[in-house]
Amino acid sequence: MIESLVDAFVALTSPEHLFYLVVGVAMGLVVGIFPGLGGIVGLSLLLPFLYGMDPTSALAMLIGLVAVIPTSDTFTSVLMGIPGSSASQATVLDGFPLAKQGQAARALGAAFSASLFGGLFGAVVLTVVIVAARPVILWFGSAELFMLTILGLSMVGVLAGHSLSKGLLACGLGLLFGAQGGAPATGEFRLAFDNIYLSDGFPLVVVGLSMFAIPEIVDLLRQNRAISDRTTLGRGWIRGVKDMWLHKWMCVRCAVIGCIVGALPGLGGSVVDWIAYGHVVQTARDTSRFGKGDIRGVLAPESANNAKEGGGLIPTLLFGIPGSGGMAVFLGGMVLIGLEPGPSMVEGKLDLTYVIIWSLALANVIGAGSCLLISRWVALITNIRYAYLAPFMIMVICFAAFQARRDIGDLLALFGIGLLGILMKRFGWPRPAFLIGFVLSDNSETYLYQAIQFYHWDFLARPGVWAIGAITLFCAWMGVRNLPTSKTEEQEERLSHATDMRPQAIFAAAVVALFALGLWDGMQRTFLAALFPIALSLAMLPPAIYLLWATATNRTAHSANYDHEVVGEHVGVAGVAGLWHYILWLAAFIAGVMLVGFWIAIVVFFILFLRVNSDATWTRILVLTASGVSFLTAIAWIMVMDFPGGLLQDMVELPWPLS
Amino acid sequence: MRTFIHLSLGAVAATALAAGTVAGPAHAVDFSGKRIEWIIPYPTGGGSDRWARFFAPRLSKHLEGQPVVAVKNMPGGNSTTGTNYFARRAKPDGLMIIGTSGSTQFPYLLGDRRVQYEYKDWIVVMATPTGGVAYISSKYGVKSAADLKTMKGKLVKFGSQGATSLDLVPALAWDILGLNSQVVFGFKGRGPVRLAFERGETTIDYQTTSAYLKNVMPLVKAGKAVPLMSWGTIDENGKLVRDPTFPELPTLIEAYRIVHGKDPKGPAWNAWVAFFTAGFAAQKMIFLPKGTPKDIVDTYRKAISSMLKEPGFEQAMEKALGKYPQAEGKKSETLAKLATDVSPKSKEWVIGWLKRRFNVTP
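As they're listed, the protein sequences go chains D and A. For the first sequence, the numbering used here assigns the number 1 to the initial residue and increments by one for each residue that follows. For the second sequence, the numbering used here assigns the number 1001 to the initial residue and increments by one for each residue that follows.
Any given hint might turn out to be false.
As the list claims (entries may be wrong) - Once the Cα atoms are required to be at most 30 Å apart in a straight line, the calculated DSS-like pairs of lysine-lysine come out as:
#, chain 1, residue 1, chain 2, residue 2
1, A, LYS1239, A, LYS1331
2, D, LYS349, A, LYS1188
3, D, LYS349, A, LYS1091
4, A, LYS1034, A, LYS1061
5, A, LYS1034, D, LYS349
6, A, LYS1355, A, LYS1337
7, A, LYS1214, A, LYS1139
8, A, LYS1265, A, LYS1331
9, D, LYS349, A, LYS1221
10, A, LYS1302, A, LYS1337
11, A, LYS1239, A, LYS1139
12, A, LYS1061, D, LYS349
13, A, LYS1120, A, LYS1061
14, A, LYS1347, A, LYS1331
15, A, LYS1294, A, LYS1120
None of these hints come from the bench; they were simulated from the model. Small disclaimer: the values here were computed from a predicted structure and weren't measured.
With these hints in hand, go ahead and build the complete structure from the sequences.
Encoded structure:
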C-alpha cells in the first residue's frame, strides 16, 4: 500500500498532471457557479477535448471538474438563496440569512474552508479505507439501506421547528410528491394523469429551486432592497475561516457522515447535507439561531458534501456504481478514456486509485482556495439593488429548472411547486422536511419492497437493522432532548399568531385534498404500487384534518397558528406590494413562454420588469437585457440546447434561438 | 469561327452536364461548415450517451466536409420523449440523426402509448450489437447449463429494472428454461443488481459482456458464480449463433435442448428472439429520418465504412465499448428489420405474459 502511495505521489506532482487538474478545476468552478448546470454540463463541455488526450491527463481534468462542483455552487446558495445543486440546499437555510445580515463574506469564508477541510478529510479516510471497503459495502443489503432511509427521515423531527404536526405533514407531502411518477415495483404511473412529463416524476433540481429559491426571490422583491441590508460588508471571510477552526470537531463529525453516506451506493447523496445539518442541530446546546443565520448551519453541510464526493469514489471505483450524480459523470468519463473500474482498482491498479483520490483532494484544495480568495469580491453582489438583480436571477432559475428535462413542464412545475413553497414559508411549514420526504421517498419504498421480497418480514431480525434502528432512536432522543424553546422564540411565535386564520384554513384544506387525491389515485393501482401511497395518505389524513379543524374554527391560541404576513420583515414597511403581485409577474412570464417561447419572453420580461420595478433609464435597461440574454444564448449554443417553445413556435418556423 | 466556339462551348457544357448526372452515386454531399445534431434520448453519462460520444468525433472526421457532430441529450419518458421529437422535427437534410437503444425499441414493440414514432419510416446506417452472459449462484451446485435439470422446484431470485425493460429478455429466458424464478424489481441499473447478487440477495443474473468480464469473472474465479449461457449474437444470415467473446458458452437454444431434449419453438420462443434482437443483437442503431435522399444516405454509409476501417479504431472501440463488430450496410439493415419487427402473435403473447406473470401492462 505504501509503495502505491509513493508511486501515486510521483505521478500526481508531474507538471502535466497538475496543469490538466487546474484546467478541470477552473472549468468546474465556472460551471458550478450557475445553478442547474452542474457536472453533467461540465462533462459535455469537456468531452470533445477528452479525445486525443492521453489517459492520465484526461483523468486529471475529469477529476478536477468533478471535485469542485459541490464547491462553487455555494456562491448562489449563500448570496442569492438559490441552491446551486442538490448538495447545497441545506447551506441556503443559514447561509442566505447571513448574507441578508451583511455577513456574506463570512458565510462564504466559512463555507469554503469547511469544503476544503471536508474534501481533504474525505481523501485521507479514503486512502486508508478503500483497501478494506469492499466487504463493508457488501454488508449493507436492502434491509440495512431501508433503515438508513428511516434514519434520514427521522431528521425531520429535528428540523420541524415549533410545530411537530406541520413538520410531519410537510414530510408526508414530500413523500407523496416523491411517490408521484413510476412505482418502483411495477412501473405503474401514480398521480400522472396520462401526462408524459408527470409520468417521470418531478425532478429534484426543480423541487429544490421551487422550495427555496422562489419564495426567497418573491420575499426580496417585495422588500425591494438589496439582499444585504447593511452597507458595510467587512472583510468577513477571515472570520469565516476562524469560525471553521473554532468548530473543527463538528466539521470532522460532519465530514465522517459525508464520507459514510457518500460511500453507500443507492442512498442518494442529496440527503447528506440534511443529515449533517440535522446532526448539528441535534447536538447543539443553543439551537435558537438555526435557520436565522447560525454559522454552524453553513459549516456542517459544506464539510459533509465535499467529503461525500470522496466517499462516493468508493462504490464508483470498486463497483462501477456511481455514488452520486457527480460520480456518474466521472464514471462515464473514465469509461470513455478507457479506464474501467472494478475490483482491479484495489488489487492491480492501487497506485492509479491513489492518484485519483489525491487528485480529488488536491482539486478540492485548489478549488476551495480560489473560491475563498475571490469570495470577498463576489460577495459585493449582495449590495446591488434587487430590482436589477431579480430579472437575472429569475432567468438563471428558469434556465436551471429547464435543464432538468428540457421541457416546458419544468417551468410549469417550477411555478406550481414554487407556489407551494411560498405558501409553506408563509404558514410556517418546514420546507426542509418536505425536501427530505421527497428525496427519500423512492429509496424508502424501493428498499422496503426489496427487503421483504428477499427476506420476508425476517428482515427485521437482521443485526444491521437493529444497529441502525438503535442509532435512529438515539438521534431522535438527542433531538427531542434539545428542544426547549428560548424565550425569544416563544415571543416571536405569539407575534405571528394571526387573528384571521382563514388563509391558513384554506391551505390546510388544500393539504387534505392532496392526501385525499393520493389515496384515491393509489386505490386505482395494483397492490404493490398502491401500498405506499395508500398507507402514506391514511397516516397523514388524521393530522391534516385535525389541523384543518384547528384553523377553520379559528383557534388563534393554537400552536399551529402562524402567518408570516402578520409578522415579517416587510410588515409595516411602506411601499411593499402584496404577496400576489410578484407571483403574478412570475405567472405572466411563464404564460409568455407558453405563448411566444422562452427567448422572446425573457427579452420582454427583462424590459418590462426593469421599467416598472426600477428607475433605470432606457439605455441601462437595454444594456442589461442585452448582456443577460446574449450570455444565455451563448451557453445554450455551446450546450446544443433549444429553448422551450410556445404556441408561436408551433405555428411559425423561426430560426434558432427563437425556435 | 464563332460557330466553332459556340459549338465547342456547347460540347464542353454538355459533357460537364452529362458527367454531373452520370456521376450521381459517386457524388457525395458536402457538410462543410454545418452542424449535425445527433439526438440521444438518454441522459448524459449513461451507456447510450457514451456510445454516441465515442462515435461522434470519429463520424465528424470521416463525413464529407468534417461537420461538427454534436450530441444532443433529450431524456424523458423512457427515451420516448426524444425519439418522438426526432420523428416530429427531423428534416431529410442529413443534419439531424438519432441513436436509439433497446429501451427505445421495446416500448415500440410493446405498443406503449407514449410512442409516437415509426421505425419503418427511418433509414438505418449502423447497428452496434452487444452480448450478455447469464450466470447463477454457486450455492445450487450447478456447474453448467447441463445441470439445470436439477433445479426443478428450486427458487431463483432475479433482480430487474422493470418488467418492460431490457431485463424482460432474461426474465423470459428463465421461464422458457422452466426455472422457478422470483423477479424483484426497483433496481436502478445493472450495477446495483450485480451488487445484490454479490450480497446473495439475488441468485441468478446476467450482465452485458464488458461488465461480466470486469466484475463477474472475479466472482467466477472465486467460485461464487457459475456461467450458464450467453445470449449469443445474430450472424450475417439472421441466425442466432454463439457469442464470439464466449465461444465455450451455449446459447439459449442449446441450453433448452440440454434441459428439454428438443428445440425451442412456439410463441414464447419467437417473442424471445424478437426482443433479444431488439435489446442486444441490434441494441444501438443510428437512423436517418424519413425521406432522406439517397446521396445523403450514401454519404453517411461511406463515412461509417471508412470510420470502421480506420487503423486503431477496433482497439479504441474495444477499450471503450466492447468487442462486437459494428454492423453497417446490408447487415445493419437485416438487424434493424429483425429488431423492429415482432409478429402480432408474439406481441400478443408477450403482453399476455407480462400481465399474467407480473400484472403489468406496457
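Looking back at the numbered hints, which does the structure fail to meet, lowest number first?
3, 5, 11 and 12
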